[in-house]
Amino acid sequence: MSAHAHPRPVGGRLLAFPMLPLLAIFGVAALVMAYRFVFGVGAVSNMTDGFTWGIWEPVNVIVFTGIGAGAFGVGILCYLLNQGKYHGLVRPAVLVGAICYTLGGSSIMVALGRYWNAIVLPIVPWWNLSSVLLEVAICVMAYICVLWIEVLPAVLDGAATSRWPRWQAFGRRWGPWLERRMPYIISLAIVLPTMHQSSLGGLLLLAETKVHPLWHTALLPTLFLVSCLTMGYGAVVVLVNVLRLGWNVQADQKLLANMSKVSAGLLFLYALLRVGDLAMNGKLGLVGADFFSLVFLVEMALFLVPAVMFLMPSVHRSRGKLFAAALLALAAGSIYRIDAYITVYRPGPGWDYFPSLGELTVTVGMAAIGMVVFILVSRLFPVVAVEGAREHSTVVGGAMKAAAGR
Amino acid sequence: MGISRRDLLKGAAVAGAAVAVVPDASARDKKEVHPEAVGMLFDSTLCVGCRACQSACKEANHLPPDAVQAANGGVYDAPVDLNATTKNVIKALPVGDGVQFMKQQCMHCVDPSCVSACMLGALHKEGEGTRAIAGEKKGSGIVLWDKYTCVGCRYCQIACAFNVPKFEWHEAFASIVKCELCSHRRDPKAKGALAVANPACCEVCPREAVIYGRRSELLAEAKRRVAADPRHYNPHVYGEKEGGGTQVLYLAAAGTTFEQLGLPALGPESAAHFSESVSHAPYVHGFTPIALYAGMAWVIRRNKRKEAIEREKEEGR
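The listed protein sequences correspond, in order, to chains H and B.
Mapping of the first sequence onto my numbering: position 265 corresponds to residue 275, and the numbering continues sequentially without gaps.
Mapping of the second sequence onto my numbering: position 147 corresponds to residue 150, and the numbering continues sequentially without gaps.
Keep in mind the hints are simulated off the structure, nothing from the lab.
Hints are not guaranteed to be accurate.
As the list claims (entries may be wrong) - Mimicking DSS-like on lysine-lysine, the simulated pairs with C-alpha atoms at most 25 Å apart in a straight line are: (1) B:LYS244 with B:LYS141; (2) H:LYS95 with H:LYS264; (3) H:LYS331 with H:LYS264; (4) B:LYS150 with B:LYS140; (5) B:LYS307 with H:LYS264; (6) H:LYS95 with B:LYS141; (7) B:LYS150 with B:LYS61; (8) H:LYS95 with B:LYS316; (9) B:LYS194 with B:LYS141; (10) H:LYS95 with B:LYS309; (11) B:LYS226 with B:LYS34; (12) B:LYS140 with B:LYS226.
To be verified - DEER-style ranges, computed between Cβ atoms: (13) B:ALA257 with H:LEU304: 39 to 45 Å; (14) B:PRO238 with H:CYS155: 53 to 59 Å; (15) H:ASN92 with B:PHE290: 21 to 27 Å; (16) B:VAL83 with H:ASN268: 57 to 63 Å; (17) H:ALA34 with B:GLY270: 49 to 55 Å; (18) H:LEU91 with B:GLU317: 19 to 25 Å; (19) B:ALA198 with H:PHE47: 40 to 46 Å; (20) B:HIS239 with H:GLY295: 24 to 30 Å.
Stated by the list, open to error - Anything over 12 Å on all C-beta distances counts as not near chain B; from chain H, calculated: (21) LEU30; (22) GLY94; (23) VAL161; (24) TRP174; (25) GLU218; (26) ARG327.
Yeah, the Cβ is synthetic: ideal placement off N, Cα and C, and Gly gets one too.
When you get a sec, could you build the whole thing from the sequences and use the hints?
The following block contains the structure:
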């Protein structure tokens, strides 16, 4: 721990580049969403009764939450397996998780045809306990709350060292209070994603005539669970490297390389489960010279290439190579999810789909506002540790240690 | 640190209560046809494609026309598929040298995927939803839609192997549209199946190509027709077992397959049974999440405490 700088607010001008372009993109997306609420989902999307979820669920929810699963993955390593060295990754990963899940949840509200009825979702006696989507909805809503609670320690730490006495007293009082209760929150933050990330695959179990047999299997929940972890770890490596380039945030290459060995194991596990399942069900013969086989092979390659790279010492030494491998791992899970929901999803003859400009705008706009929130929170509160700011960070760190020790 | 074992158990109990509502765990039972269940029998060898049923359906359900403008300026109500203004459609499908007429509407499955999928039981078997709805009686097996609990998530559209539920894409306040077997046209004073529902399509069909009644009687009738004229019919009755059984049954001509009529090839297990068995198994009646939570809370708390002790030592040095 002592070799690491402690997190501190990045500071700087809140509207510094790239805030304005990001806000502008979100502004356009907001207009598209407003248009949707007046003229219907069909007015801005290419969604049809065949491809009824377009990209808003498969990408905004299923891929975004996969990216946000870094919080889940780092949480498992750091707290459950007691690998304290990953502590520095927790705050950025949790913030990204909170943002990604919130974006997923908000996208759903735009996509829902009868969003006003969502108000009755908390009426427990009306719950259809057979519905996989209900499990996802309730579990994701609960997890969004849990993630923002997990963001709070950073905010309260920031408060504890603030110049304003009231805010400082607030942070000093509630920071340690929350700290003592964190184990119960963190455990929820591991149980909930285990449940809903597998359910995101489980959603497709019902569509047995529509999802191509190379993808449709009873193992869908397991494959989605494993792939969210591989995506999450990949996303953390990508994030830390981007932050290093942007803000000179500390990026401990050895630590990231260590974590990538875990990723490698999970990527291999995914490939083993996927191919083993196909072999056990006698489906390997389906791999031939057609479009679906090509998609399948590209997918497998996307999982296996980063898996091998993550084990190579040369990759461990090189920031660039590790970054590339992490990007591939992130892409692998994303493509798998998009494939299962869109590419190899065949509702019947005559249905075809490619997202409309409106749909893409909303997806990109959501990503943009997510980046805005990340930048704002990191500028204002101690989320990331910046290199070369030792002196200042020691002061903050000292206060934090004192707060945690109390 | 001031957290006793009692607190730990308390925390686990609270979280347990939160996750105990998670789906019940058993690999669930097969759903059987209710003896009183009603449905329809469509005999494609009798249909001449007059589309009287299409018009009657629109009238009975107050659905606007699916207007198609022809080159000569005429406007026709000519839906080409089920859609948000069409709950029942007749299609002319090329089979061999000729054309076969096919009627499409909700199949009212014995174990419907849409009902399994629906979060708040908006799509539900009559009288078997999660919300008590006045006037609904259990046993008809009709799949009804409840506008008060549908959030418009459209998962039913993904779940349905027959692509039946349709969505109003161009409405700000959209609905899910599908055949509800004209249960609103029931006559409480009538005897037998007409007291349950009265599908307009069956009422108007001039050739009795589609008839309404108890499913058990319709199945017997279908088998009787096949037995009486085996050279005329495909010997199979579609819907008796497909996907766990449907309450709308189909007969095809000899030499015509049901896939040619646009019906998916389904095994005897319903998708709902498969999905729920797979999804529920790991939960073991909700025990797994609670045990997982309690176990993890214990381990994480211990780890955190160890870490705090180490840190204090380090600082003391």
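Right, here's what the structure says about each hint:
no.	hint	in the structure
1	B:LYS244 with B:LYS141	22 Å, holds
2	H:LYS95 with H:LYS264	11 Å, holds
3	H:LYS331 with H:LYS264	13 Å, holds
4	B:LYS150 with B:LYS140	18 Å, holds
5	B:LYS307 with H:LYS264	24 Å, holds
6	H:LYS95 with B:LYS141	59 Å, violated
7	B:LYS150 with B:LYS61	19 Å, holds
8	H:LYS95 with B:LYS316	17 Å, holds
9	B:LYS194 with B:LYS141	17 Å, holds
10	H:LYS95 with B:LYS309	14 Å, holds
11	B:LYS226 with B:LYS34	22 Å, holds
12	B:LYS140 with B:LYS226	29 Å, violated
13	B:ALA257 with H:LEU304: 39 to 45 Å	40 Å, holds
14	B:PRO238 with H:CYS155: 53 to 59 Å	58 Å, holds
15	H:ASN92 with B:PHE290: 21 to 27 Å	26 Å, holds
16	B:VAL83 with H:ASN268: 57 to 63 Å	59 Å, holds
17	H:ALA34 with B:GLY270: 49 to 55 Å	52 Å, holds
18	H:LEU91 with B:GLU317: 19 to 25 Å	21 Å, holds
19	B:ALA198 with H:PHE47: 40 to 46 Å	43 Å, holds
20	B:HIS239 with H:GLY295: 24 to 30 Å	27 Å, holds
21	LEU30	32 Å, holds
22	GLY94	6 Å, violated
23	VAL161	18 Å, holds
24	TRP174	28 Å, holds
25	GLU218	5 Å, violated
26	ARG327	30 Å, holds
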